[in-house]
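Note that the protein sequences, when read in sequence, are chains W and R.
Reading the first sequence from the start, the letters are residues 1 to 333 in the working numbering.
Reading the second sequence from the start, the letters are residues 334 to 623 in the working numbering.
Derived by calculation from the structure, the hints in this document are not laboratory data.
Positions of the beta carbon are idealized from the N, C-alpha and C atoms, including for glycine.
You can trust all of the hints, since none of them are fake.
BS3-like cross-link-like pairs, simulated, lysine-lysine; straight-line CA separation at most 27 Å:
| # | chain 1 | residue 1 | chain 2 | residue 2 |
| --- | --- | --- | --- | --- |
| 1 | W | K130 | R | K519 |
| 2 | W | K238 | W | K203 |
| 3 | R | K473 | R | K457 |
| 4 | W | K74 | W | K113 |
| 5 | W | K74 | R | K519 |
| 6 | W | K130 | W | K113 |
| 7 | W | K101 | R | K519 |
| 8 | W | K113 | R | K519 |
| 9 | W | K184 | W | K59 |
| 10 | W | K65 | R | K519 |
| 11 | W | K74 | W | K101 |
| 12 | W | K65 | W | K203 |
| 13 | W | K59 | W | K203 |
| 14 | W | K112 | W | K184 |
| 15 | W | K101 | W | K113 |
| 16 | W | K25 | W | K59 |
| 17 | R | K619 | W | K130 |
| 18 | W | K59 | R | K519 |
| 19 | W | K130 | W | K112 |
| 20 | W | K184 | W | K101 |
| 21 | W | K184 | W | K25 |
Now the in silico label distances, taken between C-beta atoms and shown as ranges:
| # | chain 1 | residue 1 | chain 2 | residue 2 | range |
| --- | --- | --- | --- | --- | --- |
| 22 | W | P20 | R | P539 | 39 to 45 Å |
| 23 | R | M614 | W | A103 | 35 to 41 Å |
| 24 | W | A103 | R | L362 | 57 to 63 Å |
| 25 | W | P20 | R | M616 | 53 to 59 Å |
| 26 | R | D428 | W | R321 | 53 to 59 Å |
| 27 | R | M614 | W | V109 | 39 to 45 Å |
| 28 | R | L362 | W | K101 | 49 to 55 Å |
| 29 | R | I425 | W | L281 | 51 to 57 Å |
| 30 | R | L410 | W | A103 | 37 to 43 Å |
| 31 | R | M616 | W | K184 | 47 to 53 Å |
| 32 | R | A343 | W | L281 | 50 to 56 Å |
| 33 | W | L281 | R | R344 | 56 to 62 Å |
| 34 | R | V437 | W | V12 | 26 to 32 Å |
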Amino acid sequence: MGSITLNSVSKVFGAHTVIPSIDLKIDEGEFVVFVGPSGCGKSTLLRLIAGLEDVSGGKIVIDGKDATELPPAKRRLSMVFQSYALYPHMSVRSNIAFPLKMAGEDTSVIDKKVADAARVLNLTDYLDRKPRQLSGGQRQRVAIGRAIVRQPVAFLFDEPLSNLDAALRVNMRLEISQLHQQLKTTMVYVTHDQVEAMTMADKIVVLNRGNVEQVGSPLDLYHRPDNLFVAGFIGSPKMNFITGDIAKGYGAHTIGVRPEHLDLSTSAGAWRGTVGVAEHLGSDTFLHIAVDKVGTMTARVGGDFPVRHGDQVYLSPQEGRVHRFDETGLAIR
Amino acid sequence: MATLHTRSAARAMMAPSVLLLLAWMVVPLAMTIYFSFLRYNLLMPGMEEWAGFSNYRYFLTDPAFFQALFNTLAIVLGVLLITVIGGIALAILLDQPMFGQGIVRILVIAPFLIMPTVAALVWKNMFMNPVNGLFAHLAKAVGLQPYDFLNNSPLMSIIVIVAWQWLPFATLILLTALQSLDEEQKEAAQMDGAGAWSRFIYLTLPHLSRAITVVILIQTIFLLSVFAEILVTTNGGPGTQSTNLTFLVYAQALLQFDVGGASAGGIIAVILANIVAFFLMRMIGKTLEA
Chain W
1 MGSITLNSVS
11 KVFGAHTVIP
21 SIDLKIDEGE
31 FVVFVGPSGC
41 GKSTLLRLIA
51 GLEDVSGGKI
61 VIDGKDATEL
71 PPAKRRLSMV
81 FQSYALYPHM
91 SVRSNIAFPL
101 KMAGEDTSVI
111 DKKVADAARV
121 LNLTDYLDRK
131 PRQLSGGQRQ
141 RVAIGRAIVR
151 QPVAFLFDEP
161 LSNLDAALRV
171 NMRLEISQLH
181 QQLKTTMVYV
191 THDQVEAMTM
201 ADKIVVLNRG
211 NVEQVGSPLD
221 LYHRPDNLFV
231 AGFIGSPKMN
241 FITGDIAKGY
251 GAHTIGVRPE
261 HLDLSTSAGA
271 WRGTVGVAEH
281 LGSDTFLHIA
291 VDKVGTMTAR
301 VGGDFPVRHG
311 DQVYLSPQEG
321 RVHRFDETGL
331 AIR
Chain R
334 MATLHTRSAA
344 RAMMAPSVLL
354 LLAWMVVPLA
364 MTIYFSFLRY
374 NLLMPGMEEW
384 AGFSNYRYFL
394 TDPAFFQALF
404 NTLAIVLGVL
414 LITVIGGIAL
424 AILLDQPMFG
434 QGIVRILVIA
444 PFLIMPTVAA
454 LVWKNMFMNP
464 VNGLFAHLAK
474 AVGLQPYDFL
484 NNSPLMSIIV
494 IVAWQWLPFA
504 TLILLTALQS
514 LDEEQKEAAQ
524 MDGAGAWSRF
534 IYLTLPHLSR
544 AITVVILIQT
554 IFLLSVFAEI
564 LVTTNGGPGT
574 QSTNLTFLVY
584 AQALLQFDVG
594 GASAGGIIAV
604 ILANIVAFFL
614 MRMIGKTLEA
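Excised from the complex, chain W in its bound form (with noise of 0.2 Å):
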């Protein structure tokens, strides 16, 4: 129950071939994100998934039943969508009340659930109003509202944060990631956002002009990425690659270490630098350093490390933490 299997699927739109083929078995009760950049071919996974789109190719499998053929509405899941395209005329109640009501459920059950929803969300006061009255968080909360009544095998979520100014992504992801633990319902998520991605996901599929480019869970991608794209996309800021003599020195095409993996001192190292940007965060100082013979590199000191534009710094990698790729940018174990 709640378990969804892609077995080969594809998608084709037109002579434009946007998943060449895919298979992805996503547990019950997961919390599975799918992230990549923007054209990747997430969202369409996605719609696949939902059926707003028919595959190309391939079998998709929910809940233990072949649902490649079903319309949306017979697969059981719910999404929430980017829009929230929540139903500008009807108030929430009946935007939340809608599945159930399509579903043909009777009034006092209908109003139970409602009620609940509301509960859940904190939506209780706003039951009354129309959409345009909520600000973007409650919005947010109505679409799920909606999503949950129907209490599907799977929700799905297409960028449902991207609407929100920052701090309320914040929130709204800590309640998302809260409701999962209450609900215990699988859930997969899209977005272009590493950081939802990793603080959210019991397992991350990162995905690459269609392709699936690795599963695992967020520090199983954060420690051991099995090419660069993965490598390069998981982290924050981005892994620094080197190429050249001094990845041959450690018997790779290119190496990747962390910013965050780089020693720093002022008097001696394995690279010498000269500062350019720090971006002070308080906790951390995100320096941007143009290494001799290597290009810019990015690099993570505490808060308090004393360097200013223009000084003279060495980097040294911390020992085991240096990540090493061949020549098609695949990991070397």
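Given chain W's structure and the hints, the job is docking chain R onto it.
This is chain R only, laid out in the frame that chain W set:
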């Protein structure tokens, strides 16, 4: 127009056009009111004399008046019913992706570009004519007696002709409204288990309500004064079966040469149109707010 100065300047600049428009409206209205109290017959020039309310009394007690009143309302309501329902249906069809969409849309809009007299004559002579008309041919082809539309059901025929002319307008307005319906809302409704009919009732219709209001308001204004279609097809007949208020006023003034009586009719028509407008705004004007 923020400061006091710019505001008064704006007023001064607007004054000429406002005055002109006011004169344009007030002078004819005042003259019509004045004529409506005169015994003024074109066959007896120079014999005008004060008539008091007798013109109004004659017009309002004329049996043709009630027939005309009924016909006016029948045309307005009939055409509105056909164009709104037909317009929604056509708009939904035209919204579907299909081959040659652009050409089909232009074809649908075409009737609106044809002038009323021509449209009415085309219908009268090419479609509804009991001898040469297309409908007569169709009837004969299946072995039926041709039906003389304009003689046997003149009001219905005029409603059909006028509706044919106004259908493109309604379709066009409703189509543009339909295209602004958010795609994600439709998908959300689909996920929520709403079938095509439920999506239409709960999503499309409420979304279209404002456009429908606009269509009803604008069409009512024009449909209250349908004239050309009646003049070239039935001439208000047989008898007064297809005479509406506009046509009755015309007949009074230019067929019976009674300018005084026609003016009284015109004033009554203005009053009735205002009553209709009042109720219309009360009923559906609310949709336009917010």
